[in-house]
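Sequence order for the protein chains is A and B.
Residue 1 is where the first sequence starts when you use the numbering used here, and the numbers rise one by one after that.
Residue 1 is where the second sequence starts when you use the numbering used here, and the numbers rise one by one after that.
Just so you know, these hints were derived from the structure itself, not from any lab.
Keep in mind that the hints are not guaranteed to be accurate.
Simulated restraints on C-beta separations [as the list claims (entries may be wrong)]: (1) A/E22 / B/E321: 21 to 29 Å; (2) B/P20 / A/E22: 25 to 33 Å; (3) A/D20 / B/D155: 38 to 46 Å.
Listed below are several chain A residues computed to face chain B (Cβ distance under 7 Å; list not exhaustive) [as the list claims (entries may be wrong)]: (4) S54; (5) E61; (6) I77.
For glycine and all other residues, C-beta sits at the position ideal for the given N, C-alpha and C.
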Amino acid sequence: MSIAEVEQEIVEEFDLFADDWEQKYEHLIELGKSLPLIDPKYKTDDHIIKGCQSKVWLHSEIVNGKIIYTADSDAIITKGMVALMIRVLSNQKPDDILNANLGFIDAIDLKEHLSPTRANGLVSMIKQMKLDALALKGKI
Amino acid sequence: MQDTLHHTAFNVEKVRADFPILKVLVNNKPLVYFDNGATAQKPTQVIDAIAKYYYEENSNIHRGVHTLSQKATTHYENARAAVQKHLNAADANEIIFTRGTTESINLVAHCFGKLCIERGDEIVVSEMEHHSNILPWQLLCEEKGAVLKVIPLTDNGELNLAEYKKLLSAKTKLVAVTHVSNTLGVINDIKEIVAAAKQKNIAVLLDGAQAIPHMAVDVQDIDCDFYCFSGHKIYAPTGIGVLYAKAKWVEKFGPYQSGGGTIKTVSFTKTVYADGPLKFEAGTPNVEGAIGLAAALHYINEIGLDVVAAYENELMQYTTEKLKQLPNVKIYGDVPHKAAVISFNVNNAHPFDVGTILDKQGVAVRTGHHCAQPLMQHYNIPGTIRVSFGFYNTKQEIDIFISALEKAIKMLA
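Chain B with its partners taken away, still in its complex shape:
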């Protein structure tokens, strides 16, 4: 079989050797891990960076004058600088470490809500959002008597931007949409979304959880107010995430949670909070997570996000073609601009059944509603089967997946 991947400047076998978990057997079969949209596996370089921190450098940051504390502080702040560089943010003070995308969004909902949302104001989300980018806004709207507006989808699973523009009004205070749909993989035209909002002086938050592992992101070029992502989806550990917030917001926002590390001075009558991101990072932060994230960003940048995007796109095209050859398979969101995610269903088979039989054959996919129940309601289905790729996946694995799927279809017929 001719391997069309040879022309890319990317050695997948070399990369695979960096991921120890890919050698694990599942149900006595080599693991085919196609659930990268849920979380990505970690390369040795990331695991080692975390281990090194605990073996040699563990100490609390921003507090001690002793050598280890200063070392840990330097690594933590270097990690912030690495994220700044990765996102091309104007200043490292615009990078706030959180537990993940969900906390990043909650932080903005809390602080922006307090500062800017009043009764009758409107917040715009879309029909394809992950629950994490719906619920914080829904709660905020309930609390403030504000109104949640929803950008509808077109029939092919893209955001209806004409309808979006009609939703923007003098009452609209914030637009919160995903960069890439976690369920469909559809890449939204975020520059157009931001431009339309900016014309009316409306702030924009982008959920970058599914975009960040697959493409270069330049927050200054996008010109969004907030960009959120999770470390664990970009080959870094769980429990670390990022909120990029434009400097003016970092300055204007009050604290999110308060506690140690967030202050300049404290007294019982008056507390002065720290400037910059420390104001939002109460308590001892996830230092190992930040270090792991920096190692992961370094790792992926060594490969090059353009190379990653091109390779993953080949995997996706290959899979899409193979899926389309199977009878009774329906792909959701089958559009040209997608990022490493394919959602589909098999006629008359419940996604849970298909997922169970794939698992028995060592193929890990995600089934269900993908924390996007409104999207499932749009299609009137209980869920989908989602395959999502990382750069360590191969065409050979896709062939294994397709034959496993053929078996599932046969068994469930």
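So that you can see chain A by itself, here it is in the shape it has in the complex:
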């Protein structure tokens, strides 16, 4: 699936909870719990993206011309957001990742988590995902 297709899938999935924050956050927490664990050897300071409050660890590699991301966070809601980002951007070509505008975050009304004041490291995470894609692109 393309990035746009995955984004659309997520938007439809979240439409079910449009007016129910509780269900939406329960879903986000479930997504967080289902996030495939990052290899512990990558949970080091080299891989950390520091938010003011919660931390994110991100590892990126390139396999057959596509970027594979794995990540983790110490906060479960952040982890749910991380799971969404990975679902959208992982296993995609570097150029597609670099051009992704990630409008789904706005569409599912979780944009507040991308405000720099949310202090959860997500803004920096997206930036890091794109930077990694750019760096790994050179290795193709």
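Add chain B to chain A, keeping to what the hints say.
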């Protein structure tokens, strides 16, 4: 439900009506504002005082001979006198207006550092300080080759005063500690801290940011050299703060920043700086802030700080009891002497997650390290959830908060 608050001579509903923001809906729910430790909301009386200044009196101070300038100058200097009275300082010249507690501390670090700190000297802070009362001293120590010493905490989150006294030596030049911990709410025994320092002729700076909204402060009785606070935490606007400095320091200190308003005469060969607080207030000061601060002090004194303290203490006891009934909740700094702040964590839940779910239910709390990372390191935690009260909060809001917290605990289990 029996409301035990009825016996206090304090009408919370009447007070709430003075704060327009309390009617705002957050996430479609009535706002429960428990982040007063970060900043307090402003009553109409303060907002109106600022508006009146701009509608009717705006002018630059200390300069013009025209009527408006004199009026603005009078209001600004009256505000200084109001602060002097509030702190019971001996003289209005001991009150320096700053941008806030942080600038007040930086001002002392700069001026005291220049005057009194040499290589090998020691400055004492504590493990519970806000970064604002650590970093200026750390920078000063790095610059001067001085040494920062740290008062440790006891297990229950109070300053270890026995260890503190051992830290004081002939090399110690200044003790800089907080009056009330911004994270734990613990009220420090500042009179004992000052007395021990005075015995060795050591200057003491108190960070009063979290104390000033909750209790009466008498700087002459405390006998500290410096007392710092921010206006915005005591229902006044942001961008105005106070440094109380004993007269001898006001006299001895050189200017902090220099510029307009700080001088008597200027020439390219010799400049003579003003006496008193004007020496430290370079540039056009925050006149509206000072006026707003005076209005806020007037407002809180009309209610009475003793009444405020008693009421907020009831809110705190009530919350603490409710929190203790919840499984898996750990309170940090659970001691008798506290001021309107409770920090806690829920087992196995990140404070960020708890704070996010409380926010969804209209409850505003602070989560994170509270600009006190060394304190977090002491407890080995990433942060806490902090509820902090103002006198407009109610037991009913606490009930809403507790049920919102129960929901968060359930969702995050």
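Each hint tested on the structure:
1. A/E22 / B/E321: 21 to 29 Å: holds, 27 Å
2. B/P20 / A/E22: 25 to 33 Å: holds, 30 Å
3. A/D20 / B/D155: 38 to 46 Å: holds, 43 Å
4. S54: With a minimum Cβ separation of about 5 Å from chain B (threshold 7 Å), the hint on A/S54 holds.
5. E61: violated, 27 Å
6. I77: Holds. Min distance 5 Å.
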